[in-house]
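*Asks:* Take a look at the letters that make up each chain.
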Amino acid sequence: MANLPLSTTIKLPNGKEYEQPLGLFINNKFVPSIEGKTFEVINPTNEEVITSVHEATAKDVDVAVAAARKAFEEGAWPKTTPSERGRLLAKLGDLIERDAELLAFIDALDNGKSISLARGDIDIVLDTIRYYAGWADKVHGKVVETAVDKFNYIRYEPIGVCGQIIPWNFPLMMWAWKIAPALATGNTVVLKTAEQTPLSALVACKLVIEAGFPPGVLNVLSGFGKTAGAAISRHMDIDKVAFTGSTAVGREIMKAAADSNLKKVTLELGGKSPNIVFNDADIDEAIYWAYFGIFFNHGQCCCAGSRIFVQEGIYEEFVEKFKARIKENVIGDPFNEETFQGPQVSQGQFDRIMGYINHGKQAGAKVEIGGERYGNKGYFIQPTLFSNVRPDMKIMKEEIFGPVAGIAKFKGIDEAVKFGNDTNYGLAAAIHTKDLKTALEVSNKLKAGTVWVNTCIATNSALPFGGYKESGIGREQGKAALANYTQAKTVQINIA
Amino acid sequence: MTLPLSKELTAPNGVKYTQPLGLFINNEFVKSRAGGTLTTVNPTNEEEIATIYAAEAEDVDLAVKAARAAFENPEWSDITPEARGALLNKLAGLVEENAKVLATIDTWNNGKPYSVCLAEDLGESISVLRYYGGWADKVYGKTIDVGPQKLAYTLHQSIGVCGQIIPWNYPLMASWKLGPALATGNTVILKPSEQCPLSALYLAQLIKEAGFPAGVVNVLPGYGPKAGAAIASHPGIDKIAFTGSTFTGSMIMKAASQTLKNITLETGGKSPLLVFDDADLDQAVKWSHIGIMSNMGQVCTATSRIFVQEGIYDKFIEAFKTQVKEVSKIGDPFNEDTFQGPQVTKQQFDRIMKYISDGQSEGAKLVTGGTKHGDKGYFIAPTVFTDVKDDMRISREEIFGPVVTIASFKTEEEAIRRANDTVYGLGAAIFTENITRAHKVAAKIQAGMVWINSSNDSHFGVPFGGVKQSGIGRELGEYALSAYTNAKAVHGKLPLLRPLQYLKANSLK
Numbered sequence: 001m002a003n004l005p006l007s008t009t010i011k012l013p014n015g016k017e018y019e020q021p022l023g024l025f026i027n028n029k030f031v032p033s034i035e036g037k038t039f040e041v042i043n044p045t046n047e048e049v050i051t052s053v054h055e056a057t058a059k060d061v062d063v064a065v066a067a068a069r070k071a072f073e074e075g076a077w078p079k080t081t082p083s084e085r086g087r088l089l090a091k092l093g094d095l096i097e098r099d100a101e102l103l104a105f106i107d108a109l110d111n112g113k114s115i116s117l118a119r120g121d122i123d124i125v126l127d128t129i130r131y132y133a134g135w136a137d138k139v140h141g142k143v144v145e146t147a148v149d150k151f152n153y154i155r156y157e158p159i160g161v162c163g164q165i166i167p168w169n170f171p172l173m174m175w176a177w178k179i180a181p182a183l184a185t186g187n188t189v190v191l192k193t194a195e196q197t198p199l200s201a202l203v204a205c206k207l208v209i210e211a212g213f214p215p216g217v218l219n220v221l222s223g224f225g226k227t228a229g230a231a232i233s234r235h236m237d238i239d240k241v242a243f244t245g246s247t248a249v250g251r252e253i254m255k256a257a258a259d260s261n262l263k264k265v266t267l268e269l270g271g272k273s274p275n276i277v278f279n280d281a282d283i284d285e286a287i288y289w290a291y292f293g294i295f296f297n298h299g300q301c302c303c304a305g306s307r308i309f310v311q312e313g314i315y316e317e318f319v320e321k322f323k324a325r326i327k328e329n330v331i332g333d334p335f336n337e338e339t340f341q342g343p344q345v346s347q348g349q350f351d352r353i354m355g356y357i358n359h360g361k362q363a364g365a366k367v368e369i370g371g372e373r374y375g376n377k378g379y380f381i382q383p384t385l386f387s388n389v390r391p392d393m394k395i396m397k398e399e400i401f402g403p404v405a406g407i408a409k410f411k412g413i414d415e416a417v418k419f420g421n422d423t424n425y426g427l428a429a430a431i432h433t434k435d436l437k438t439a440l441e442v443s444n445k446l447k448a449g450t451v452w453v454n455t456c457i458a459t460n461s462a463l464p465f466g467g468y469k470e471s472g473i474g475r476e477q478g479k480a481a482l483a484n485y486t487q488a489k490t491v492q493i494n495i496a
Numbered sequence: 001m002t003l004p005l006s007k008e009l010t011a012p013n014g015v016k017y018t019q020p021l022g023l024f025i026n027n028e029f030v031k032s033r034a035g036g037t038l039t040t041v042n043p044t045n046e047e048e049i050a051t052i053y054a055a056e057a058e059d060v061d062l063a064v065k066a067a068r069a070a071f072e073n074p075e076w077s078d079i080t081p082e083a084r085g086a087l088l089n090k091l092a093g094l095v096e097e098n099a100k101v102l103a104t105i106d107t108w109n110n111g112k113p114y115s116v117c118l119a120e121d122l123g124e125s126i127s128v129l130r131y132y133g134g135w136a137d138k139v140y141g142k143t144i145d146v147g148p149q150k151l152a153y154t155l156h157q158s159i160g161v162c163g164q165i166i167p168w169n170y171p172l173m174a175s176w177k178l179g180p181a182l183a184t185g186n187t188v189i190l191k192p193s194e195q196c197p198l199s200a201l202y203l204a205q206l207i208k209e210a211g212f213p214a215g216v217v218n219v220l221p222g223y224g225p226k227a228g229a230a231i232a233s234h235p236g237i238d239k240i241a242f243t244g245s246t247f248t249g250s251m252i253m254k255a256a257s258q259t260l261k262n263i264t265l266e267t268g269g270k271s272p273l274l275v276f277d278d279a280d281l282d283q284a285v286k287w288s289h290i291g292i293m294s295n296m297g298q299v300c301t302a303t304s305r306i307f308v309q310e311g312i313y314d315k316f317i318e319a320f321k322t323q324v325k326e327v328s329k330i331g332d333p334f335n336e337d338t339f340q341g342p343q344v345t346k347q348q349f350d351r352i353m354k355y356i357s358d359g360q361s362e363g364a365k366l367v368t369g370g371t372k373h374g375d376k377g378y379f380i381a382p383t384v385f386t387d388v389k390d391d392m393r394i395s396r397e398e399i400f401g402p403v404v405t406i407a408s409f410k411t412e413e414e415a416i417r418r419a420n421d422t423v424y425g426l427g428a429a430i431f432t433e434n435i436t437r438a439h440k441v442a443a444k445i446q447a448g449m450v451w452i453n454s455s456n457d458s459h460f461g462v463p464f465g466g467v468k469q470s471g472i473g474r475e476l477g478e479y480a481l482s483a484y485t486n487a488k489a490v491h492g493k494l495p496l497l498r499p500l501q502y503l504k505a506n507s508l509k
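As given, the protein sequences belong to chains W and D, one line each in that order.
Mapping the first sequence onto this note's numbering, position 332 (from 1) lands on 332, and the numbers just tick up by one.
Mapping the second sequence onto this note's numbering, position 256 (from 1) lands on 256, and the numbers just tick up by one.
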């Protein structure tokens, strides 16, 4: 689109209006893309265009990286003390809290998640930013005694310019998970939002300016993976890339990092997480968590519990009660306070999920409930449950990323563990049982980065999160995330 | 005497505020049960500021009950660590909003220069509260792999009801005590000094305003032998933290020993400052002046014994005298230009003057100062003794005033030996441009803190405390957290083997 302005007024479905920046955020300014490219942002609830935004290509990535490099090496940021970095993040947190309701509305509009879920996302944004604000001046190296004539110490230094590529499923929350540990430890950032959901991060960047971050410390680009994302992964002056998204794209990023400058890579990828329910589980609780595990965020959750295994003693009862619970699912307009399930984020995702549903049907799985589009406007899909599934079916092997689960029965602990681990993924798992021995034995044996016992999809800023196997490399959240953004320098001083 | 529970006061700089006069227990200001009071004095002009209620044993009892109930109340015990951190951050914000009033109170009550109090005392208190606000949700236990038969882990739990007795030299150092204690979920009985209790009472209001539940923090001004002793020996108090003189610290330790309380002490110092002949002389002079003359010399870490290598001894002394003359402007602490205010009380004044007189009678050379300054207020001229022998009283005992001793040394080994020749071990400073010497000497000095090419240049992220008779335990930094937590080990046996096999594996052959 020729001459797209740098901001526009958007009217939310509830009647409120706000100023939406449209440009690329570089050096604390919003700028047009060098090649004049733009792309449309679609409202998944009604399939209409919300606005267009400026689109970054490789040339813009170059400019952003140059700004981030300069900010890292010169000027105010390298002189900022760790405590001061923490204060800046804390101030950003206060500003986000001030504008929380608006930011929640924007994510509901852009992503299609219900307003109540979007508010929950913003709570987590705040938690994360404040959590890492507190870590900034607490990253300690060690002093190691080797001999009396040596003084040895370890410093944890920032890595440098960090490229960060985030997904669309939790737009502002993923932004916070990435920038908070990176900035707390003194890095500078070039972050690419998902092309499906670029809006909330741009509004948050206004708060980054207001909080007082020096220019160039955080740069945010709207753009596509194949162009801007690829430019980031292969850039010779980016020291580290962090990516959250599909395993397929994660592989590409890792290849590009290896082919370019061997930049450090952390990946948070897909999952096909099991939800395992033993005979002695509190069945009503287990139903709730199994339900939450796959239908929360419309199944668009890397750690969704998409394979449900129920011990044979309670299998029939579980399936019936689960179907009844699914029927209570309120699907509809995200801006309705009652809504739990909104539309899937895009046409592309909608088609993909419907494709999997058809595969399931063709492979002989039984549709216990759902299996069709919901309504005729917006990318809504009925919450869907397949039984009579086999582990070799596509719907049981591949990540669907929608409100679709497969359910099967198991005999005992050994089978539960075997089924749970029968996947190339290893992001999360959940176990439902009242027996402590079962819980501990099964959680020790499951190959997953997070194991939930009698709960599901419970994340916390303080707890590391990440994958075994093809679900990723490295951990986010908790103290663990600091390791993604620091490197150890050993200094040995001869004091003989 | 019955006093009201608060009083409108107007400070010498015109600031008007409401000064609470009562004891702060369960988020309320109350009278002392036995009616005890104490009177605070402005050391600048020796006039009374206000009389407040003073706690005794019965009040301590009530505060302990309140603190224990608060410790067990889910409103405090069951909130998330993050919520505790948020409360501390809220308090920091309130202290920041009220910084000018708090600085006014401390300047009025303590005599420290207002500009320094606002920039440093308040600045630091706010930073310390925020720092521990950030630690609250980052206190970890461990899981320890001892093999497949156990899930072994530690919990780092709050200790319980903590008695905290703080001194008069930095009244708002209350933040050093409150920060780590509250971040880790304890409840507190804080006894500010009888000399400077006023700002702590004002702070108590902010603690309530921040939203800490009733009983979590209780503030009891009072006399050491009454309130302090009651706290140190109270069976309902789980832990004592004390900052003050070594003499009192040792009494507190004795009292605490009856019930084996967990104890941390930060006591006196006679910290050495070594100037080697390759030092940057300007920096050495600047920092050694700061190291003894700041806060009227009323600093536990004051580097009060200066040792200068003989090659630059005379030059150093001349430069130091000049620095004192140019920088140590004595005057009304509310005056912007003032560097040095009065000593805190008549008692301290008399004590310091006695040391000065001892120094002279023991044969040290008085190079500048040595006298009272002015006719009103407890002002003492900044005092420098040279040709000081290590066995003189002024070289061995903590004076806690603007009095420094300077001696010369020949070799590095001698300097280290004489620096360590003291029962104290709080701070130390080394001036040299030689990196090897700096770090070697730092390792050999017996002190909890060593400054290289500065003095008293502390930071809240770095641990603070003494060795030998300067204290037990560390404050500030991450280290303070272990002073307020107990590690509990939990051994969970995992029956992954069937019982018979387990017995077999562990039976003696």
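Just so you know, the hints here were simulated from the structure itself, not pulled from any lab data.
The model shown is predicted, which means the values in this text are computed figures rather than measured ones.
Glycine is no exception: its CB is placed at the ideal position from the N, C-alpha and C atoms.
Accuracy of the hints is not assured; some may be wrong.
[Stated by the list, open to error] If you want a taste of the chain W side facing chain D, the calculated C-beta under 10 Å gives, among others:
| hint | residue |
| --- | --- |
| 1 | Ala-66 |
| 2 | Trp-135 |
| 3 | Lys-434 |
| 4 | Lys-437 |
*Asks:* Against each hint, give a clear statement of whether it holds in the structure.
*Replies:* Against the structure, the hints:
The beta carbon of W/Ala-66 comes no nearer than 33 Å to any beta carbon in chain D, farther than 10 Å, and the hint placing it at the interface is violated. A distance limit of 10 Å between C-beta atoms decides the matter here; for W/Trp-135 the minimum to chain D is near 7 Å, and the interface restraint holds. With its C-beta approaching chain D no nearer than about 16 Å, W/Lys-434 sits outside the 10 Å limit, and its interface hint is violated. Taking 10 Å as the C-beta cut-off, the interface hint given for W/Lys-437 holds, the closest approach to chain D being about 6 Å.
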